[in-house]
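Below are the chains, spelled out letter by letter.
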Amino acid sequence: MSDPLSNPTINTTNVGGQTTTQNTIGGVGGGKSNSVGTPYTTPLQTSAYTTANSLSATNSPIPNHHMINSNSSNNLSGMVTPGGAGLQQQQSSITSSTNNLGLLGQQQPQQQQQQTLLQPFTTQSRLISASCFEFFYIEMIDCIMKSSSDKQQAHKKLDKLGFKVGHRLVERLSLDTALFPELLDAVKFICKVFWTTVFKKTIDGLKTNHKGGVFVLTDSKFQWLQHLSFDSSASNKDCSEYVQFTAGLIKGAMSNFGFKCIVTFDIQQVSTCVFTIKIES
Amino acid sequence: MSKKYDKLGNDVFNKVEKINSELFTLTYGALVTQLIKDYEDIEQVNIKLEQMGYNIGIRLIEEFLAKSGIGRCSDFIETAEVIAKVGFKMFLGVNAHVGDWDANRKEFHLTIEDNPLIDFVELPDQYKHKLYYSNILCGVMRGALEMVQMKVKCTFVKCTLSDDSTSEIKVVLEEVLSDMIPVGYD
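As you go down the protein sequences, you meet chains A and B in turn.
Under this note's numbering, the first residue of the first sequence is numbered 1, with each subsequent residue one higher.
Under this note's numbering, the first residue of the second sequence is numbered 1001, with each subsequent residue one higher.
Think of the hints as simulated: they come from the structure by calculation, not from any bench.
Each hint should be verified, as a subset may be incorrect.
[Said to hold, decoys possible] Calculated lysine to aspartate or glutamate pairs in the DMTMM-like style (CA-CA distance at most 25 Å, straight line):
#: 1; chain 1: A; residue 1: 151; chain 2: B; residue 2: 1017
#: 2; chain 1: A; residue 1: 160; chain 2: B; residue 2: 1122
#: 3; chain 1: A; residue 1: 146; chain 2: B; residue 2: 1017
#: 4; chain 1: B; residue 1: 1067; chain 2: A; residue 2: 159
#: 5; chain 1: A; residue 1: 146; chain 2: B; residue 2: 1050
#: 6; chain 1: B; residue 1: 1048; chain 2: A; residue 2: 159
#: 7; chain 1: B; residue 1: 1037; chain 2: A; residue 2: 241
#: 8; chain 1: A; residue 1: 200; chain 2: B; residue 2: 1038
#: 9; chain 1: A; residue 1: 221; chain 2: B; residue 2: 1050
#: 10; chain 1: B; residue 1: 1048; chain 2: A; residue 2: 150
#: 11; chain 1: B; residue 1: 1037; chain 2: A; residue 2: 134
#: 12; chain 1: A; residue 1: 200; chain 2: A; residue 2: 142
#: 13; chain 1: A; residue 1: 192; chain 2: B; residue 2: 1038
Just chain A, same shape as in the assembly (with noise of 0.2 Å):
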């Protein structure tokens, strides 16, 4: 069922990168990377560009990895509750980051076991600090709500961006994950493997309806809304724009795992935020 709304969405990514100026996820743009970890990286990269049932964890290029006879259930599973499966991909992640130690020398190892704790269950990447990425968001929504001649543009822009983002960085994300079964299994993903990459915290609460069509997240401590200050004499109270890429990316995210949907947020009271996906179909 999935299939054939999966590897249309990958054709279009790999036609995408030869025409414009875009982050394209493969091997030739990984060959163009200084990245350190490419030696590392480029294997997975490459298994980008295959079908959509290559991304399956039976086909992963990684040597190590111990789950070949999982599905996505045991991985949420492992996730839930850190049974043998969860300590065997923490054992595999912690071992190719032994790799990669003997290219970034011995002032690394503090950081990498940081990184591997602190995303277990995602592929190795790169850090930064948050609060170099927390600048770049706040002038990022400046120059944008500047740049449109209203508001409801600037919210599309924003929202259309989100989805290029969430659309590409979940297909980083999920490399070492077996495609989805059932909508639920790609809504918990979000929910906790997603959030932690981009918030460092798992959404706090999951609802659905009985039909399972529309899902309400919330996020009561919403990390791009902690920094914001109050001012009563403000004529603008408004900081919907902050959480208008939001929506975006968690569109992105579910359009790549083959769910077209739509996304609403409401923001209740100071950084407590409800986002509420409803699947089209």
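Since chain A is already given, all that's left is putting chain B on it; use the hints.
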């Protein structure tokens, strides 16, 4: 001096809160793409990126001074080492090198080995040597240094996206700003 700041850079980077660099790379890439669509002229995109970087830099310097514990630098040479070994390491997790000083010690080249902004990025031929993809870094440096009373001019002279082997930023110290007495206090 270089080793001392190398160690400090590593210590500070280990302490700060960190995030996946791919989110940063992809978000920046999406923004640059949007700017190219919005502005017809590539030169305008470069200017816009630099302006955005300036606005980030004037805020970033507060974070830098608070977290790193560095005091006032004695001269521009020390400033350059601090930027390369502590600043770039702390915020981007990369090593940068200072070289090519001129005779007056007012100009140097900063070489960035492993710029996280350009992971996954390819430039079509018509943009090579025209679009300075990482120009936001020039703006950040200018903004940050202006807040510590150094007026500088930063330009990219080499970029790996334009088929050069490394990324290099030329930094020229134009003047040291003097303190102004606040209005109404003189």
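The hints, checked one at a time:
1. A threshold of 25 Å between alpha carbons decides the hint, and for residue 151/A with residue 1017/B the separation of about 32 Å lies outside it, so the pair is violated.
2. Using a Cα cut-off of 25 Å, the hinted pair residue 160/A and residue 1122/B holds, with the two alpha carbons roughly 21 Å apart.
3. For a cut-off of 25 Å, the pair hint linking residue 146/A to residue 1017/B is broken: about 30 Å separates their Cα positions.
4. For the proposed pair residue 1067/B and residue 159/A, the alpha carbon gap of about 33 Å is over 25 Å, so the pair is violated.
5. For the proposed pair residue 146/A and residue 1050/B, the alpha carbon gap of about 16 Å is at most 25 Å, so the pair holds.
6. Taking the CA atoms of residue 1048/B and residue 159/A, the gap is about 21 Å. The hint holds against a cut of 25 Å.
7. Taking the CA atoms of residue 1037/B and residue 241/A, the gap is near 21 Å; set against the 25 Å cutoff, the hint holds.
8. For the hint linking residue 200/A to residue 1038/B, the alpha-carbon distance of about 33 Å lies beyond 25 Å, and the restraint is violated.
9. The hinted pair formed by residue 221/A and residue 1050/B fails the criterion: a straight-line CA distance of about 32 Å is larger than 25 Å.
10. As the CA atoms of residue 1048/B and residue 150/A are separated by approximately 20 Å, the hinted pair is consistent with the 25 Å bound.
11. Proximity of residue 1037/B to residue 134/A is assessed by CA-CA distance (about 24 Å); at most 25 Å being required, the pair is judged to hold.
12. Among the hinted pairs, residue 200/A with residue 142/A is consistent with the structure: their alpha-carbon atoms are about 24 Å apart, no more than 25 Å.
13. As the CA atoms of residue 192/A and residue 1038/B are separated by approximately 35 Å, the hinted pair breaks the 25 Å bound.
Going through the hint list in order, the structure does not satisfy hints 1, 3, 4, 8, 9 and 13.
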